[in-house]
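Given chain H, put chain D in place with the hints provided.
Number of protein chains: 2
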Amino acid sequence: MLSVEEAQGLVLAPLAPLGGETVPLSQALGRVIAEAPCARTSHPSADVSAMDGWAVIAACGVTHTQIGESSAGHPFLGRVGPGQAVRIFTGAVMPEGADSVAIQEEVTLEGTTIRLSGPVPPGLHVRKEGQDFKTGQSPLAAGKLLSARDIALLAAMNRPWVTVRRRPRVAVLSTGDELALPGEPIPAGGLPSSNGLAVAAMVQSWGADALDLGLAADDFDSLVAKARAAEGCDLLVTSGGVSVGAYDKVKESLAHLGFEAGFHKIGMKPGKPLMFGRLGRMPVLGLPGNPVSAMVAATLFLKPMLRCLLGLEPALPPILLAQLASPLPAAGGRQEYLRAGLERQADGRLAALPFKGQDSAMISEMAKAEALIIRPPKAPAASAGETVPILLLD
Amino acid sequence: MLSVEEAQGLVLAPLAPLGGETVPLSQALGRVIAEAPCARTSHPSADVSAMDGWAVIAACGVTHTQIGESSAGHPFLGRVGPGQAVRIFTGAVMPEGADSVAIQEEVTLEGTTIRLSGPVPPGLHVRKEGQDFKTGQSPLAAGKLLSARDIALLAAMNRPWVTVRRRPRVAVLSTGDELALPGEPIPAGGLPSSNGLAVAAMVQSWGADALDLGLAADDFDSLVAKARAAEGCDLLVTSGGVSVGAYDKVKESLAHLGFEAGFHKIGMKPGKPLMFGRLGRMPVLGLPGNPVSAMVAATLFLKPMLRCLLGLEPALPPILLAQLASPLPAAGGRQEYLRAGLERQADGRLAALPFKGQDSAMISEMAKAEALIIRPPKAPAASAGETVPILLLD
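If you read the sequences in order, they're chains H and D. The numbering used here applies: residue 40 is where the first sequence begins, and numbers increase by one. The numbering used here applies: residue 40 is where the second sequence begins, and numbers increase by one.
What the hints contain is simulated information worked out from the structure, not anything from laboratory work. Hints may contain errors.
Note that identical chains are pooled: a pair holds if it fits in a single copy or bridges any two copies.
[To be verified] Below 25 Å or equal to it, Euclidean Cα-Cα: the simulated BS3-like pairs (lysine-lysine) are:
no., residue 1, residue 2
1, Lys395, Lys311
2, Lys183, Lys308
3, Lys173, Lys407
Source: prediction; values computed, not measured.
Just chain H, same shape as in the assembly (with noise of 0.2 Å):
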């Protein structure tokens, strides 16, 4: 059986970044960049002033004349000369000729007559031009993703358009017969399909679109017709039909279309029948039909999957450290991934709570849960304080 990390490695061995496409800024929350763009402005645009106050020749002492104001979106459009001053207010631009600002805290006024407390350094509270970042830069890089900051500053560098990759298109197709959309009529001994509904929110909160399929039986036609609706997609999700038996169904089914069977099994727990090959050129990833195992799969290869095709790195979500709040027992021959609460301790650090349900079939431990401990194969057990990685969820 092939370990967590060869089986990560073949899933996103093929993968490459999808292409760009270009938004408008107010579009582009939570996208990746793919193009860097440059400043299309400096930022100050010229020097400026830092705060409130008159702007001298710092060389020409402590006297001046006032001869006019700057202020923001209205700058004093003659020179400043020696003897010279300019009322001046936060952000609006140094008047040519005054190097330097006094503020208004240390200035006396008497009609036009500024009287400083003392004389002034050159440069005194003047932001310089291209301070923050001038024409031409580029501060973000591809493969940002992008936050409420970064869009603050693409419009300060007077872009309002950004080249981000496209969002990868993720097909979800649930099989089994035991199976109903919820609100429809359940089958005898069946179960409401939560499957499709999670994989298509966890895909839409990794940044992709998830196109649902819905349900198809486990039947040949049904199977066929669905997968065909996948054309065109990056990515092709389902879930159920990979266990002993039901995987030679959705593999035959599949294989008519064209599929190329890669791996099926993986030592993993939950989470062991897991399928991946490729229909054409669309990769195909095949979760097992139990929730939490799916969720517990994609968690550990659809998600890295779409890192890579967004571009973001490491396309591997990082593996963090947590202290064990209560003891483990060893672990069995394949890696476990246990739901835990997460406490933040009074140190900085996290503690990590393992439910006590580990059971595959309690979604609502793994609904409850917000991180995965993670139990290499074998692991000894494990006391309460020992150091374990873990997994955060979401």
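Just chain D, lined up with the frame of chain H:
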């Protein structure tokens, strides 16, 4: 001057969670539950097998005769009698009469005769009806921000719809004669406007909808016309026009529409000029025009306001602890929020590296920051390694 904490108290005091709207699960990601939904089915809905094997009566020894099969979606409809067994697969309904599952690895099969390697206890490998949740239970509480895993849980509860808090509608208005929307002609000495786009993106990332009113010039008519367009919103956020002098212009213009002024100065840095008041029932938050100040103030005031309107607890984002990666000088009289990078150390604790450029004109530093280090007024100098409170950005 008000402290940040006093001002947060004042802006949050008049707010209450908004009403609910009912959305399909496919649109519920990131929404906040308004009414705790109860399960319409138990999970599992009947006793089911946790393994592939044979369903038997535990008390009937080791030799059994197979009389049928139960798989997911295809339950066995008869009854298991003494000495009888039903082939069963993971997740399939336990047939009537049977109380235990002998897993296939511990069974030898000759024709229809099944021999167990030893007796099994009752209940072995059986998941009991309602083990995860029972019909009528509410495993998700009101106030929960819905993750993809919660959506899986709601689907398993057979709830195709969920009642969530409606998204707050936030009008965003930028003011300043020096500004132009990115890509439009920039006035002499002016610069591209970034606050409107940044605040709209923050509003979106915090679970609300922005109505971007664009730019108002610094004159009465323009301000009044734009502010009127905010009618019907849950909140009006302005930026600019709140510093000395300018403040009176915005205040007077809004007064024409019935503005009641609250405070307009906070003991914080960056972001001292912050205006708060009400237009009729609508709270008005006036952010400073400086982009970094505006984003810091939005993080400290707008985010908690939106969390309050969404019914999220606690309204104030958590303050975490981190260790200083480099020393800090003593703080001034206002509470400072220093832009910093974060690194997770080997022991799991966070290290915060305050940036050298703390000038509030550095938008690129604000974009790069991962956290704000909180420096209380008059905080003494701090050495590297000391623990400091931080706020995470994003």
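Hint by hint, which ones does the structure fall short of? Going through the list in order, the structure violates hint 2 alone and respects the others.
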